[in-house]
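The opening residue of the sequence shown carries number 1 in our numbering; numbering runs sequentially from there.
Note that these hints are calculated values from the structure, not bench results.
As the structure is a computational prediction, the values presented were derived from the model and not from experiment.
Wrong hints could be hidden among the right ones.
In silico BS3-like links for lysine-lysine, alpha-carbon gap of 27 Å or less [stated by the list, open to error]:
no. : residue 1 : residue 2
1   : K102      : K39
2   : K235      : K267
3   : K100      : K188
4   : K267      : K358
5   : K267      : K348
6   : K188      : K102
7   : K348      : K235
Estimated spans, in silico, between C-beta atoms of each pair [said to hold, decoys possible]:
no. : residue 1 : residue 2 : range
8   : E231      : T341      : 54 to 60 Å
9   : E134      : P248      : 45 to 51 Å
10  : G286      : E243      : 54 to 60 Å
11  : A290      : Q136      : 26 to 32 Å
12  : L169      : R241      : 27 to 33 Å
Heads up, the beta-carbon is just placed ideally off N, CA and C, and yes, glycines get one too.
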Amino acid sequence: RTTAAGEAASSALANSEAKYRELIASAPDGIFVLDPQAKVLDVNEAGETLLGRERGDIVGHSFMEFVPTDRLASAHGYLDDRLRGFRATELYEATFSTAKGKRVHVQLRSQVVRPADADSYVVYIVRDVTDQREAQRQLLESERWASMGRLASFVAHEINTPLTNISLLTASIARRVSDAEVQERLKKIAAQGRIAASITAELLKFARPGAINPVETNLTDLVREAVEQAEAFRKPGVEVRTELGSEPVVCTVDPLRIHEVLVNLLKNAFEATANGRIRVRLEDRGPSVAVSVSDTGTGIRPEVQQRLFEAFYTTKKKGEGTGLGLAISRNFVASHGGDITVTSEVGKGSTFTVFLPKQPVSVTTPV
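Construct all of the structure, not just a fragment, from the sequences and the given hints.
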């Protein structure tokens, strides 16, 4: 009887452990079992997928190997607090690194287990929220751009009325006065008025980019025309090279918008380059195209690159730019379902690349 009872108990225990293993293995969230020193004792399949690693590359390793360097102190602090009984109900926000170096944003809950006859261990239940965070970021970005657009529209309209009055009054006085000195001053007033008017026009263009008018366009010719127009900004000693391919590239785009984008990128490249080279390259990528403008100029610091496409952000001197050029270009390209990227190294130069689908897509105006 004792033997039978023992066998039954062993069988029940084995069944219980099997169910436990099956439950852990099938859980949709990553589950990691850690000892107090953060060594991984066990991991389920979802945990392997989350880290992009095989089980053998996780179990036996320190959990901290999978945490980015800039988050290590926080990760160690959280584990220490949990072992001391703190932060029991907290939904901890963490970041992991996959085998390919990708950062994964997660929400983590944990439970400290203290068996009577064994060492304590910690169970981490981890959920990948990377896509959710990106969706939230895009929503906030969209709302921010919309707010700036409304502000820009309001400011432009409020300024336009007095500007128009100044222009009319200046012209009226100029017709009635013959004094040469007064006429010269009136010309200066009119010139400043035109500058202010161009700024308000930029504000309105940013605030209300409007619908695009896509037509079948020879992009090769469009790029060539943009290069020719941007020649006005070229400094002496700057060489321009074009790599447009041997065959015409045809796309359905709004030629006026894309032409403006390219001229703006070329103008920026010329301004950043002295005694160097500008390269304009057009690539046919099947369903899409890429137009890149590269320069051997001063380059752009990483922290500046992150803000380049923000409205009103500029590194130019006061009075030399509104900080709207790249923001407007971004809107124009986005309205085609495309994108603009930048790569740069300080002291070596920068490359801006415009990606466009060959056929128009249904997109929402960015602002």
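Status of the hints after comparison with the structure:
{"no.": "1", "hint": "K102 - K39", "verdict": "holds, 22 Å"}
{"no.": "2", "hint": "K235 - K267", "verdict": "holds, 11 Å"}
{"no.": "3", "hint": "K100 - K188", "verdict": "violated, 60 Å"}
{"no.": "4", "hint": "K267 - K358", "verdict": "holds, 25 Å"}
{"no.": "5", "hint": "K267 - K348", "verdict": "holds, 18 Å"}
{"no.": "6", "hint": "K188 - K102", "verdict": "violated, 56 Å"}
{"no.": "7", "hint": "K348 - K235", "verdict": "holds, 18 Å"}
{"no.": "8", "hint": "E231 - T341: 54 to 60 Å", "verdict": "violated, 25 Å"}
{"no.": "9", "hint": "E134 - P248: 45 to 51 Å", "verdict": "violated, 37 Å"}
{"no.": "10", "hint": "G286 - E243: 54 to 60 Å", "verdict": "violated, 18 Å"}
{"no.": "11", "hint": "A290 - Q136: 26 to 32 Å", "verdict": "holds, 29 Å"}
{"no.": "12", "hint": "L169 - R241: 27 to 33 Å", "verdict": "violated, 49 Å"}
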